[in-house]
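The lines below spell out each chain.
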Amino acid sequence: MEYGEGGPVTPGSANSSAQATAREHPGLLEVRGIVKSFGNREVLKRISLEVVRGEFLTLLGESGSGKTTLLRLIAGFEQPNGGEIWMNGERLDTLPPYRRRVNTVFQNYALFPHLSVRDNVAFGLRVKGGAPSEEITERVNQALRMVKMSEYASTRPSKISGGQQQRAALARALINRPELLLLDEPLSALDANLRKQMQSELKSLQREVGITFLFVTHDQEEAMALSDRIALLRDGALEQIASPREIYSRPATAYTAQFVGQTNLLRCQVQAGCASCGGIAIVPAAGPEGPATFSLRPEAIKCFPEVPSGAPMMKFKATIRQQIYAGATELLEVECAGQYLRVRRTAGAPLSGEQEFSFSPDDAIRVRD
Amino acid sequence: MYSRAYKTIVALPPLLWVGLFLLLPYALMFAHSFWTVRDGFIAHQWNLQNYRTLLANPVYLGVFLRTMRIAASVALCSLLLGYPLAYYLSFHSGARKELLYQLVIVPLWVSYLVRGYAWKTILGSEGVLNGFLRYLHVTTEPVSFLLYSPFAVVLVLTHIYTPFVFLPIYASLEHIPRPLVEASQDLGANPLKTFLRVILPLSMPGFIAGATFAFVLSLGDFLAPLLVGGASGTMIANVVQSLFGAAYDWPLGAAISVCILFITVGLLFATERLEKRWAAK
Amino acid sequence: MGCEMKGHAAPTRNPPFLTAYAALVFAFIYLPIAVLILYSFNRDGVGGFPPRHFTADWYRILFADSAIWDAVWNSLQVAAGAVALSLSLGLLAALALDRADFPGKALFRRIVLLPLILPGIITGLSLLMFAVFAGAQLSLFTVFLGHGTALISVATTEIFAGLQKMDRGQEEASLDLGATPWQTFWRITLPNLRLSLIAAGLLIFTLSMDEIAVTFFLIGRDNTLPLEIWGRLRRGITPEINAISTFIFTASVVLIVIWYRIRTRSIGAESSQVLERP
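Chains as they are written, first to last, in my numbering: chain A, 212 to 580; chain B, 146 to 426; chain C, 24 to 301.
No lab work stands behind these hints, which were simulated from the structure alone. Every value quoted in this text rests on a predicted model; they were computed, and no experiment measured them. Be careful, since some hints might not be right.
[To be verified] Here are the simulated SDA-like pairs of lysine to any residue, each with C-alpha atoms no more than 25 Å apart in a straight line: (1) 128(C) - 168(B); (2) 188(C) - 246(B); (3) 370(A) - 342(A).
Looking at chain A on its own, in the form it has when it is part of the complex (with noise of 0.2 Å):
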């Protein structure tokens, strides 16, 4: 689907200053060392990351992380303690929002209740002038489009559903061709039905376009879904960043593993490449000896008589303490010397009493605390 002519698409378009800046500067937007405080709270901890052209990348946290907060900063609406903000070579943070090659998907949508859904989406083009009205017109008609909202085009966002505010929000901010969109927390107001659907629309609306997506979410399954890598944060730090399979299956934290997806932790004390966790051993333990704390899926642990052959698994005894039924798998709870831990499997026949577990040990990850 066309989106337009013109403009930084994506890399290997017609236009040879969008593919001179690729080049250059593969990456489009560097934060280098931000610092934000508020009075004497300090949200953003000197915090450092690069967005890379073209990619989706979600900023993924508890409220109070700082991620909406560090989203402000690159749109322009707030300014940073120290630290800067860089894009395509540019100094980005001394630049007041207006000048920027940013646009945002605000939460609550902001949409202008005065004005009617094709007013709203046609504001950006019209302040900054420069575009004659029939070009105007046939843009706005395009992006309409492209979030099917054309006919709604002559109504006050009053009058349209939540969803629907949101794809004319999307449209507002896409049709000024930006270099990054941001968007806060867009699908966090609506219903879960709605939101799974607007999740693989927004997902495959992002590929079409080839703009460079900068998201926030709190909602790990979201982050998990639409991501090209994840930025976790934590109290203004960056946990990790990486893609979605390598967060979740190489969490470099404990804080990581519980975080994103569901997890057991184990602690142990590591010897001679062994650890021993309670009623558990890992073999091979690698790392410094001494205490230290391993991550282990619920779904990485085999019920017998689920048991691979071949591969050297670990085995433990455990007794079963509830067995939770949750339609395609189950959980089971169990209880192995004093430690509880989760076992996820496909749902089968009822278990009781003690029961032999196993794991492979490259499924057991060592995180730091």
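Given chain A's structure and the hints, the job is docking chains B and C onto it.
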């Protein structure tokens, strides 16, 4: 989000204007109260003579006290009329509440002069009320105390300020969560007790605000006395007015005005404190 | 008793005494006005009861009275000027109170309110002294300055409330989309304040038209309507005044109905701002 320039542009003009056209004039009045009149001119000699005169001369004191009494009466009567009205509207008016509220507001917008004049025509010896009483053969002679007396002033001012008093009381009453009233009744309190223990205390902020407003504005009123007050209904503001007019003594007039100002500001400050304390309870 | 919301409790019973009392208070409030209107049609003018001889003569005399209409015109000019002045300064002041921190902010808030809570005579006299001090000639212009200054806080209060209700994100969105602060002000902030500005304007207009206390001390040769009426009252009652008063009353009612509609519309508009329909 707002630049220094933006904030300066919005703050500076109003600040300058208010400084020049409000602060400065009030300060001038304050300054005048310390000057005197000499040979028909205002002499800029700083002294406390005016204030001494006010305290010593019984005439001024007398008018002042009368004014306080009138203002207090107005506040009281406005409350007696305004509170029950507000209570009725808030708790017992049902579907007609909106309409009745508008009906109360309308007179507020009708000219003060119009309302004062209307009472003049009603209360006069040849006025409507006397005509009415004679028509009913209740009296044969016109009743004279109705007009050109403190009574008339209180009546007119009460009429003017009852809607003013109504507003904050109504707002306070509307703010009382109805479940509280129900809880009180549920616990066995009859309507009177519920009123005294629940509703009245919670409506205190509006009560105080309304009463203060009526008192303060009546204190400085000079129009009603001129319309219906006659000689016996003169108030302190009329004295000030004449001092700025025929009885040329601006400094003395300024001194009285400063006193009124201090009483007003002091009262408002005190009631604001009181309201805060009551609201915090 | 069922489920009751704040302020909308079903009446438990209709207490007869309270209802009668409330009716009496209403009667008290409206009595003079009713008398006024009634007697404006009375040939013998004011006084006596009951009024006989219905006539519209007084209205005829009123319409021919050029002095009155001159005064009306003067009042309109002053009121229009006061609206313009108060709204502009009030708008700036409201923006400043909402967005800027400056030394003396709390003091400013109080001083700006003073003309509304102090008896008018004090403000009027202070301004008179200032006029003399500045060597200015008393005229409609000084009256206009007085009204405009005294009524700033009416505009400030109303507009400030409108600003607080406004969604802050809109201004951010506007800047985000490339509009400069100046453009944002004209395209987004002002339209959102439309209702506040109109409501404030109406109120200021009405207060200015009826203003006596401050005007009394600042008036020059040309009279405003209230002062013209005042002058005639001092000289002796003419029943024509009844006609004028009825006229003013009717105009006031129309204005307040309009004002009320605007107020309730603004409350209605914001409650339907963001709908959440599936």
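For each hint, the structure was consulted:
no. : hint            : in the structure
1   : 128(C) - 168(B) : holds (14 Å)
2   : 188(C) - 246(B) : holds (24 Å)
3   : 370(A) - 342(A) : violated (29 Å)
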